[in-house]
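Undergrad: In the order they appear, the protein sequences are chains A and B.
Just so we're aligned, residue 1 is where the first sequence starts under full-length UniProt numbering, counting upward by one.
Just so we're aligned, residue 1 is where the second sequence starts under full-length UniProt numbering, counting upward by one.
Simulated restraints, written as ranges between beta carbons of each label pair:
(1) B:Phe186 to A:Arg214: 45 to 53 Å
(2) A:Glu223 to B:Phe221: 47 to 55 Å
(3) A:Gly14 to B:Gly21: 39 to 47 Å
(4) B:Phe6 to A:Asn167: 34 to 42 Å
(5) A:Asn167 to B:Leu229: 38 to 46 Å
Since the hints were made in silico from the structure, they are not lab data.
Just so you know, even glycine gets a beta-carbon here, dropped at the ideal spot from N, CA and C.
One-letter residues, chain by chain:
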Amino acid sequence: MIQMQDVHKKYPNGVTAVSGIDVKIDQGEFVYIVGPSGAGKSTFIKMIYREEKPSKGVILINGVDISRLKDKKVPLLRRNIGVVFQDFKLLPTLTVFENVAFALEVIEEQPNLIKKKVMETLDLVGLKHKARMLPTELSGGEQQRVSIARSIVNSPKIVIADEPTGNLDPETSWEIMSIFEEINARGATVVMATHNKEIVNTIKHRVIAIESGRIVRDEQRGEYGYES
Amino acid sequence: MKARTFRRHVRESFKSLGRNGWMTFASVSAVTVTLIIVGVFFVIMMNLNKVASTIEEDVEIRVHIDPVAKQQDQQVLRKKIEQIPEVKSIEFSSKEEELDNLIDSLGEEGKVFKPFEQDNPLNDVFIVKAKNPTDTMKAAKKIENLEYAAKVKYGQGSVEKLFKFIETSRNVGLVLIIGLLFTAMFLISNTIKITIVARRREIEIMKLVGATNTFIRWPFFLEGLWIGLLGSILPIALVSSAYYYAYDYLEPKLANHFIKILEFNPFVYQVACLLILMGALIGIWGSMMSMRKFLKV
Ligand SMILES: Nc1ncnc2c1ncn2[C@@H]1O[C@H](COP(=O)(O)OP(=O)(O)O)[C@@H](O)[C@H]1O
Ligand SMILES: [Mg+2]
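Next up, chain A with everything else stripped away, as it sits in the complex:
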């Protein structure tokens, strides 16, 4: 469960990106975060995995206030949260398999478990047959699937995605969305910032609209509500 209470974020340069957000997201929900550019969507997302600390307020993840979490404990938080970005963030010198395994290696998972989990996850995203390829040999959609595989290979309870389809063509975007649907169906909470009107209006989920750092709308099975 993710809960924010009166959360504010002012960057060191003086920009206030988030000003007074109260929200509660239950385990297993699928939530779209929508709103114009610069509204504070990415800041909202970054605060969930402690990339940014709120300047004021409380953020509870499964009951733990992560705004007061010691830096040393942050890695443990991150092991329970999968993060997906618009630009994939893959390591170009590693194969598909290695990129996904990387997430388990650096948290010192056992080698035989690594192999098993990575292959299972690659199967889930439909890339088992391309495990030995390099990211540069894949299409954008396939690269994003590798990145998703990496984010979920450790079976996190929460998966957050910042415009995961932002760099992809419409058809590929639908494929990516079906993977997120599957992840959600398996019980993970999904929080996704997106500009994709069509997707939001077709695959109906809770929609939270942010403008100028505030929540202006929060509807179950909501609409995108902006011209895209």
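Got chain A sorted already, so can you dock chain B with the ligands onto it with the hints?
TA: For chain B with the ligands alone, kept in the frame of chain A given last:
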């Protein structure tokens, strides 16, 4: 830490050394140059020290006792000298002993002084040593003012100059070595920083998926260590072989002047250990410095 994890760190550190070949070369060279200079300075300084301390040991004040002084006067003078705070020891040497010493020290030529044994022109002498050799001058000045101290000799002038020289060279050497060490660390931290910029994404992803800072740091720590160790090989080889020949050449010559330098064994091994240690420290420090800001959460 699990052995498997440690093996991974070692593997990663070597991979990175190979991948950043030129940077590795530059860093290793920086360590090498520094350690050669540090090593040479260190060898010279330690030997100067050795020479200095043997000479310091030999610095003594010879207090010539006025021939008119009676037994009792000598005792009083001795008491007064002993009371000077800088004085460590005092020994009496009669004029007969003094003459024997003189004759002995001159060898064959000394025989010409034999006839003087009947009519000894020398004085009885107190041989005084200062607690701290550098206080010799001070002690000598105080003794000069005492009654029945006819002449006070301690190699005036040359002793002061020697002490000055030793002290200056010690300080200059120390400042130079410290300066060099910092230069090398700076160079290494900058070269490694360039390689880290290239690995920024890797570190970013590691942090994203929950690697601890310790885990992320290890390969860099090892990389710095390897750079330091690699950089100390050539300096150790150079300094020890140079010392081997220098010792062979200088030792007999200096022995004629009763000057001893440090023996090849164990000195060269101590220098080698020091250089390895310094290399490792420079490398590790440089490496850690360079990645500090990349680790901020
Ligand atoms: N690291 C940062 N430092 C300073 N200002 C930032 C930073 N990140 C974002 N901002 C500012 O905060 C505001 C919200 O940005 P962001 O959260 O990225 O919005 P969105 O993702 O909705 O486009 C913008 O005005 C942006 O310029
Ligand atoms: Mg954004």
